[in-house]
Amino acid sequence: MAILKVKRLSKSFGGLKAVDSIDLDVEEETITGLIGPNGSGKTTLFNMISGVIPRDSGEIWFRGERIDGLKPFEIYARGIVRSFQIPRLFWKLTVLDNMLLAARGFNGESLVGAIFKRGGWILEEKRLVDKALDILDLLGLSDSAFKPTYQLSGGQMKLLEMGRALMADPKLLLLDEPTAGVNPKLAYSIFGKIEEVRRAYGTTFFVIEHRVETLFSYANWVYVMSNGSLIYGGKPSGVISDSRVQKAYLGDIHAA
Amino acid sequence: MSDPSIFVMHIAFRIGVYGIAALSLNIEYGYTGLSNFGKAAFLMMGAYTAAIAVENGLHPVIAIVLSIVVAGFIGLSASLFALKFREDYLAITMLAFAEISRLILRNFDDSVRALTKLITGVEGYTNIFGGVHGKVVRSFVSIPGDYRLYNIVQLTLVYGLLASSYVFVRLLSDSPYGRVLRAIREDELASQTLGKKTWVYKMQIIGLGSALAGLAGALNAQFEGYISPESFQPHLTFAIWMMVILGGVGNNLGVLLGATLVESIEAIALFVKSFFGYLPFDPVNIQWIFVGASIIAIIAFKPRGLLEERPIKTPAVEVARIGYTKG
Ligand SMILES: Nc1ncnc2c1ncn2[C@@H]1O[C@H](COP(=O)(O)OP(=O)(O)O)[C@@H](O)[C@H]1O
Ligand SMILES: [Mg+2]
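If you read the sequences in order, they're chains A and B. Under the working numbering, the first residue of the first sequence carries the number 145, and numbering increases by one thereafter. Under the working numbering, the first residue of the second sequence carries the number 61, and numbering increases by one thereafter.
To be clear, the hints were calculated from the coordinates, so they are not data collected in a lab. Don't take every hint at face value.
Per the computed footprint, the stretches of chain A lying under chain B, defined by three or more beta-carbons under 8 Å from a beta-carbon of chain B, are [unchecked claim]:
| id | segment |
| --- | --- |
| 1 | 207-218 |
| 2 | 223-231 |
| 3 | 234-248 |
| 4 | 254-266 |
| 5 | 272-281 |
The following label-pair restraints were derived from C-beta to C-beta distances [said to hold, decoys possible]:
| id | chain 1 | residue 1 | chain 2 | residue 2 | range |
| --- | --- | --- | --- | --- | --- |
| 6 | B | 257 | A | 264 | 45 to 53 Å |
| 7 | B | 361 | A | 297 | 54 to 62 Å |
| 8 | B | 137 | A | 328 | 50 to 58 Å |
No residue lacks a Cβ here, since even glycine has one placed at the ideal position from N, Cα and C.
Could you build all of it, start to finish, from the sequences and the hints given here?
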């Protein structure tokens, strides 16, 4: 069953059609990849799904409910969490604080709760700290838990973005280039962890990725975008032999 | 300035009052990143509310509560309006709001009188706010004859309320709520994608910050014994900003240190002015020269202020941190 359905979704910036009438489905509990040359509109698509920018036209459906037009916090509430291509962390806060901020339904975050229900949130936070440290451990970040976030390396920042998203128990996780700036071995193990989480919690992953081989060894399904349009949707094994994909990528190489 | 103890007492009182004001700006700007350049207006609203309350025979405790509530409520309403604009405009919107409120208070009585005359033909007399002439404010404390005891009670009052404000602000900043405030300061959009209704937090904080500023205004008004719209010009706002920036943005003890510093500089400037008969420049500007020099020194040597922001301390995080450093 499709957890996410995108129908004729479009977005223009000035005269540029960044996303041009795209239709796609993301099946539940899969790792679905999204690839395409730079500037093909992948991030813009994620921005619309997560409510960060408004769409021009088209529809977005999540678990049978229309979500286009909702605010980012409402989309989070429905179970979609995202990471950013260029990490958007809370730089001055510690790594652990970044993790805790993603937790769902934390009563200590309300004004009245913070002051008058201290006993309640202190216990709640103990549980969340344990959970956060477990996730940081999984991602190999536990040594940095109490560091201010700006001290992390580029690769660690990407990992933390993913960890923070996992902290929110997402049903659908949108990852925008989770392995950019990470060494190839670690990139492979990140995907191993994605697969582990998918199995353990039934999380669905929709992943923009440039490391095609790594992605293809884990993805159940792959979409390819070029110049705002969807040019391929199918099994990873079929991508290489697809003539439109070849043209899009070869064209890109020639341009570069 | 014949009795030096009066001078010292005066400074000590002002440090207490502006300590509260600096804490209030610290939760707004230091933690949440909200540039409220209308602080003076909320001190003014607290001051006038207290003045009118005691004038009408209300108990000082009620006057204090009213000042907090009125300033907080107006702050909340103003933020509703100001936060509709982009963040960059918050500063200028609040500054304009403060100046407009001040001019309204300044001209309110005259306008009502003119309007009354226009409609009824009768020369009425209104004197709620006192207009340009200002308003005499009855002290919250009345101990006739014993000036020492009077001073002790005043200082106890202001430092008691400063301590309560400090505890309140600390409870707020060292909590998951305070963590969200800082997240909004660091990256509002990212906070929203993590489910935070950021404008709710921002409104609450402007409301709370204004309420605390109202408290400071009320305390100062009854101590000085006189208020007028001229006491709440933008330079009052800037003085509070200086306290926060000098002391340490996002550090509650730091901003109290900043308040102490700025008020002491002002006192020294006053002393210098009365000591030297003639100066080659307008002596009114002495404290600004001193404050300006301190700012330059701080920016050069300690750009984050005297005391830096420290990590959020909550019980669970502290336990984990201790476990981590031991392990
Ligand atoms: N906020 C924006 N304003 C103007 N143009 C944008 C904006 N965001 C993206 N674009 C443009 O839209 C196109 C698609 O960008 P993007 O979605 O980031 O591509 P990708 O993630 O596939 O590299 C690019 O040409 C980019 O320059
Ligand atoms: Mg991109």
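Could one say that the CB atoms of residue 137/B and residue 328/A fall in the range 50 to 58 Å?
holds (56 Å)
State whether the coverage of the segment 234-248 of chain A by chain B holds or is violated, taking the criterion as 3 or more residues with Cβ-Cβ distances under 8 Å.
holds (count 11)
May I ask you to test the hint 45 to 53 Å on the CB atoms belonging to residue 257/B and residue 264/A?
Distance hint for residue 257/B, residue 264/A is violated at roughly 20 Å.
Holds or violated: the segment 254-266 of chain A covered by chain B, criterion of 3 or more residues with Cβ-Cβ distance under 8 Å?
holds (count 8)
For the segment 272-281 of chain A, do at least 3 residues have a Cβ located nearer than 8 Å to some Cβ of chain B?
Result for this restraint: holds, n = 3.
Between residue 361/B and residue 297/A, does the beta-carbon spacing fit 54 to 62 Å?
About 30 Å separates the Cβ atoms of residue 361/B and residue 297/A, which means 54 to 62 Å is violated.
Against chain B, does the segment 207-218 of chain A show at least 3 residues with beta-carbon separation below 8 Å?
As far as the segment 207-218 of chain A goes, the hint holds, because 3 residues have Cβ atoms under 8 Å from chain B.
Cβ contact check, 8 Å cutoff: the segment 223-231 of chain A against chain B, three residues minimum:
As far as the segment 223-231 of chain A goes, the hint holds, because 3 residues have Cβ atoms under 8 Å from chain B.
Comparing the model with each numbered hint stated earlier shows that hints 6, 7 do not hold.
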